[in-house]
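Number of protein chains: 2
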Amino acid sequence: MIKANISGIGTALGENITNAKIEKDFNLKSGIIEKTTKLQTRYFFKQDEDLEPHILKAINQALQVAKLNLNDISCIICASAINRVAIPYNAAYIHKILNANPIIQTFDINMTCLSMLRAFDIGARLLDIHKHILLVSIDIASLGLDWEKVHTAGIFGDGISAMIISQSETGGIVFSDFQTHSCGYDLCQIKAGGYLYPPQHTKDYQKLGFFEMKGKELFKLTMQVLPKFITQSLKKAKININEISYIIPHQASFSSLAHATKMLKINPEKIINIFQNHGNQIASSIPFALKELFNKNVLKSKDKIMLIGTSAGLGLGLIIWEKP
Amino acid sequence: MIKANISGIGTALGENITNAKIEKDFNLKSGIIEKTTKLQTRYFFKQDEDLEPHILKAINQALQVAKLNLNDISCIICASAINRVAIPYNAAYIHKILNANPIIQTFDINMTCLSMLRAFDIGARLLDIHKHILLVSIDIASLGLDWEKVHTAGIFGDGISAMIISQSETGGIVFSDFQTHSCGYDLCQIKAGGYLYPPQHTKDYQKLGFFEMKGKELFKLTMQVLPKFITQSLKKAKININEISYIIPHQASFSSLAHATKMLKINPEKIINIFQNHGNQIASSIPFALKELFNKNVLKSKDKIMLIGTSAGLGLGLIIWEKP
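If you read the sequences in order, they're chains A and B. Numbering of the first sequence is given in the working numbering, commencing with residue 609 and proceeding in unit increments. Numbering of the second sequence is given in the working numbering, commencing with residue 609 and proceeding in unit increments.
Honestly, the hints are just simulated from the structure, not real lab data. Certain hints may be false.
Since the list gives no way to pick out one identical chain from another, each pair is judged satisfied if it fits inside one copy or across any two copies.
Said to hold, decoys possible - Derived lysine to any residue pairs resembling SDA-like cross-links, with alpha carbons at most 20 Å apart:
(1) Lys704 <-> Asp794
(2) Lys799 <-> Asp812
(3) Lys878 <-> Tyr854
(4) Lys912 <-> Glu877
(5) Lys739 <-> Asp785
(6) Lys704 <-> Leu829
Let the hints inform the model, and build the full structure from the sequences given.
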């Protein structure tokens, strides 16, 4: 397999929104959000905001970091958890706003919060025919939050991310694995958006657009399966946890981050944690955290980074990537 | 790259629905559907019908044809154009109803009508780590049809399809290419289903669930780009059209099938056409047509099959597959 570099990451955020503002807007008890979720602040796009300039900003930033032009890209994968519209697929929209050449291939990959991780794994396999692939996640959690359920709504933030993966001589994905624990299928859902509840034939459609989560059951299942999955993956990869320089977890929640770290006896300094000021940005979480690490300028060639996470489904995913 | 066999296809259909029945139900002029679309009959699932037994039927049929058990499958890709719900992703649902082992990986690929073609191409690249991959498309067009627009609604049919791709010693994908002509992004759409029109914040949401198509513009663009794409692909693949034994087109519409064939001077007997009694089954069209070909028992080893089509986007896709 061709080796994959992550040659550029770009991001775009909406407005910084404090807990105090939300608590005021939704008549919530002062301090309840941080108390319930440990989240201090997050960024939300405005409702009805045109996202096009933000998407282009993230993509152009990624191209700039990678020192590439759009002409160098021959495949665009949209890896958002949520579609823009039901038809056409998302990547065609990204292609359109970029006014891109028709020879640029496009398609979507979806694994909810792990969409970007899965797209990185799939994209890396396509580097035999593409020199550079653009991955994009546009995840606007704020549109589906029910503030009557603070423990669920309070953990999310919006984020648009673009990541360019490129052919490399060295480094690349040294191990990846994914699992599906669909016994947890009902624990996280947005019921609207598909054929199960077609808008034309569904009463009270409005409330089906809210994200629903059975937090306690989800946390329990995650703690049952995630640490084991990580341990088994490291064993299969024949890599000791001490050989991993940094860990980029999906920023699902503060408590799951904290618990998983503890269970695996991982040095907390190795873990990139942006949860408290970004929240769970769905599929954009991992690229945002990875950009945070890149910006620290601490990475050396041959450093091994572990990208891990969970998604609604319940899906699990892990990639060990070696910096070229 | 590992060579890919298509080791089994399974399908499931709803009730056979004649034009006469639709014309009666929707107060349409008798004969108008066939006159407008050339479609004679199609299959629709009942509104609110539980699709689970139908999905399982298609998957079990595919497993039976491939002489495999679910335990032989290590990856499930859902390649539907339309989601079941917004969260979780579709393949987690398929995993759940199969009560599948957690080590089975799952994710979705979406390229609207070309989802199955794109999933075949991607899936083939994953056969280095998976012996057998299950691809599933659940596309229920009937839920989004506006019968006030007969020329659009009249061309669709429902279909569930399952296709198993397997490691092979011989044959496999000899060429594939995809293009994106996003100047046609607005020509086919269902506006509901995503972040652009969140149900909580959108008035008159109901009507956004209908499929809309600018048929004439779409036909014009398709005829501008599709024949050229096919000609260029054959040239790149260094394969003469006479070396292709059969052509499986996406069953987009009768007129586009007829015109493309004529423009490329293809012997119509080589083309599998099930449009008149199935309609456009979205991403399930290609698997249904391919199964029709398989069931004729005419295929010989080394026969080259060309799978081609268009999708909303406008996307183009082509795979030349050699039978092992």
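Verification of the supplied hints:
1. Proximity of Lys704 and Asp794 under a CA criterion of 20 Å is satisfied inter-copy only: 10 Å between copies versus 35 Å inside one chain copy.
2. In this assembly of identical chains, the alpha carbons of Lys799 and Asp812 lie at most 20 Å apart whether taken from the same copy (12 Å) or from different copies (18 Å).
3. When the C-alpha separation of Lys878 and Tyr854 is checked against a cutoff of 20 Å, the pair qualifies only within one copy, where the shortest distance is 5 Å, while the shortest distance between copies is 56 Å.
4. Taking the shortest alpha-carbon separations for Lys912 and Glu877, only the intra-copy value of 15 Å comes in at or below 20 Å, while the best inter-copy value is 56 Å.
5. In the homo-oligomer, the alpha carbons of Lys739 and Asp785 lie at most 20 Å apart only across protomers (15 Å), although the nearest pairing inside one protomer, at 24 Å, exceeds that limit.
6. Taking the closest pair of Cα atoms, Lys704 and Leu829 come within 20 Å of each other only across two copies (15 Å); inside a single copy the shortest separation is 40 Å, beyond that limit.
No hint from the list above goes unmet by this structure.
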